[in-house]
Amino acid sequence: MGMTIAQKIIARASGNDTATPGEILWVDVDLAMMHDSSGPRRIWPALEELGVGVWDPTKIVVVSDHYVPAADIQAATILQTTRRFVEAFGITRFHEAQGIAHTLMIQQGYARPGMLYVGADSHSCTGGVMGCLAVGVGSTDMLGIVTTGRTWLRVPHTIRVEVSGRLPVGVTAKDLILTIIGDNGMDGGLYQVLEFVGTAIEALTIQERSVLTNMCAEIGAKSGIVPADQVTVAHLAELGIEVGQGPFSDPDATYSQTWTYDAAAIEPVVARPGKHDDVVAISKLGDARVSRAYIGSCTGAKYEDLAMAAEVLRGRQVASGVLLHVAPASRAALQQAMADGTAQALMEAGAHLLSTGCGACPGIGTGILAAGEVSISTTNRNARGRMGSPESSVYLGSPYSVAAAAVAGRIIDPRELIGVPA
Amino acid sequence: MSTIDGKVWKFGDNIDTDVIVPGKYLVHDLPEIAKHVMEGIRPDFPQLVGPGDIVVGGTNFGTGSSREMAPRGIQAAGVIAVVARSFARIFYRNCINVGLAPVECGEADLIEEGQHISIDLAVGRVTLLDTGQELDAVALPDEIGAILGAGGMENYLAAKFSGATT
Chain E
0 MGMTIAQKII ARASGNDTAT PGEILWVDVD LAMMHDSSGP RRIWPALEEL GVGVWDPTKI
60 VVVSDHYVPA ADIQAATILQ TTRRFVEAFG ITRFHEAQGI AHTLMIQQGY ARPGMLYVGA
120 DSHSCTGGVM GCLAVGVGST DMLGIVTTGR TWLRVPHTIR VEVSGRLPVG VTAKDLILTI
180 IGDNGMDGGL YQVLEFVGTA IEALTIQERS VLTNMCAEIG AKSGIVPADQ VTVAHLAELG
240 IEVGQGPFSD PDATYSQTWT YDAAAIEPVV ARPGKHDDVV AISKLGDARV SRAYIGSCTG
300 AKYEDLAMAA EVLRGRQVAS GVLLHVAPAS RAALQQAMAD GTAQALMEAG AHLLSTGCGA
360 CPGIGTGILA AGEVSISTTN RNARGRMGSP ESSVYLGSPY SVAAAAVAGR IIDPRELIGV
420 PA
Chain G
0 MSTIDGKVWK FGDNIDTDVI VPGKYLVHDL PEIAKHVMEG IRPDFPQLVG PGDIVVGGTN
60 FGTGSSREMA PRGIQAAGVI AVVARSFARI FYRNCINVGL APVECGEADL IEEGQHISID
120 LAVGRVTLLD TGQELDAVAL PDEIGAILGA GGMENYLAAK FSGATT
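For the record, the sequence lines run as chains E and G.
The numbers in numbering that gives the first Met the number 0 rise by one with no breaks, and the one at position 54 of the first sequence is 53.
The numbers in numbering that gives the first Met the number 0 rise by one with no breaks, and the one at position 163 of the second sequence is 162.
Accuracy of the hints is not assured; some may be wrong.
What the hints assert, rightly or not - Here are the simulated distance ranges between beta carbons:
1. A121/G with F247/E: 36 to 46 Å
2. P140/G with A87/E: 28 to 38 Å
3. M337/E with I3/G: 21 to 31 Å
4. A138/G with E241/E: 41 to 51 Å
5. G21/E with D108/G: 21 to 31 Å
6. S117/G with R165/E: 31 to 41 Å
7. R165/E with A121/G: 49 to 59 Å
8. R165/E with A138/G: 43 to 53 Å
Claimed, not checked - With the C-beta cut set under 10 Å, the calculated list includes, among others, these residues of chain G facing chain E:
9. V7
10. K9
11. K159
To be clear, the hints were calculated from the coordinates, so they are not data collected in a lab.
The C-beta atom is built at its ideal place from N, Cα and C for all residues, glycine as well.
Based on the sequences and whatever the hints tell you, model everything.
Right under this line is the structure:
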């Protein structure tokens, strides 16, 4: 019987010919990632207690993105521990304040087709955009991986997400994935892998595709995968990395479900505060005022996200009473935005530039919310208190929608401003 | 370790790790974090919960961030097991790794706040001690039971490495 991409990767990594959904297999990990919050500060003391080192420093990536720049002494100490750790164990793939881990795994070409990649963060699934099986775990799971190079996985069922047509102008991958999450609920993909296929997916850039795999965490999935095609191969070729297309699911592979979408029918949506599966078309939202707008995170502050926001903001001003914060997902994203005038357009519109990193998205960095404040954010989560006070509110939307709300002071369909002279 | 029992604290569906341990506390140590568990949904929970208690939830328990301080925080507050209709997969793995029993029970909705329950982890059964009613649960697979049985991943690895050197 045929296998899906996820089954094929687990079969290969476990040394078996097949991998059947439901069975638990021990696998060899090809690539491991940890960050300043989940990594060295949690793992190093246990390594010392066990009296062992790491299995292969060349297969480990360490990124300081959660506590950069340090806002207090505790954060500074976490960053210092992280630096000392990579030095002590000879880990050279280390990035401090260069960007968010999930963005860097793609930008640097670390995640590659066919790999079994495990990261100590729930949004590690983002890496599946490169045609690999990218799985998130916690700190102690990562301890097991860095000491042995192995972990256990339950072989997942795969849901085939088939998206035909093309997304309309002003409608983004963020609107598509929020729509999918809204339709199926935040536990709609529990324990499973979402495989994204179809003409609408093929037409998307790597950055836009990565929004789909990133938010597989928000549907409970083990991961999301976009099969490695010519777009994937070209992205890696630009970095000097030669790979072929695939692996692909077999034609007779078994899927647990197939979800079909017509991209042309997707419209700008937001998730209402508190539940990221409470998704509504902006056209049906009613009056929703905001005092804060946030462009940040691994989901929503890549170069293309900044460019979308600039498309709306160019020649316009952020509304009085609204604060617009921009925290680029990587330094490379910011540099690209500076080179072509995107960053200037954001700043001239009144945006405040924050450091590269996870920032206010997990309620750790600068730009967090007070009680009663209402934000619209390009981020991926809006559980109560996520971005600050438990009494604050967060709508999730696309970079276009966040920029349009910053201008209007309330959530509007961004297509009212796109392509319309300011 | 195979059978445990305790008093129930009941929560709903999709309990998020941002609610279990808000991100702002992650910079602190475990005893401090334990004083704030479930703060986002039930602020007085850290004062109410006691040693040997059991948390019961609905579907997708522990969804959201991979922060291991969520199960560690609950555990430090005294909780010995989490029963839910389904778990977010990273939270489930984190429970195993820190030695907190996660019990998948499709009938968890029948368990009420304040009840006393016992759990047979090896067989996969939850018993409501007040009424004697038995609910089916998922027995822990051997591969996972070995890690939980060792008291978590650190002990499991310690045994593995000491075994390798003798």
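Any of the earlier hints contradicted here, and which numbers?
Numbers 3, 6, 9, 10, in rising order.
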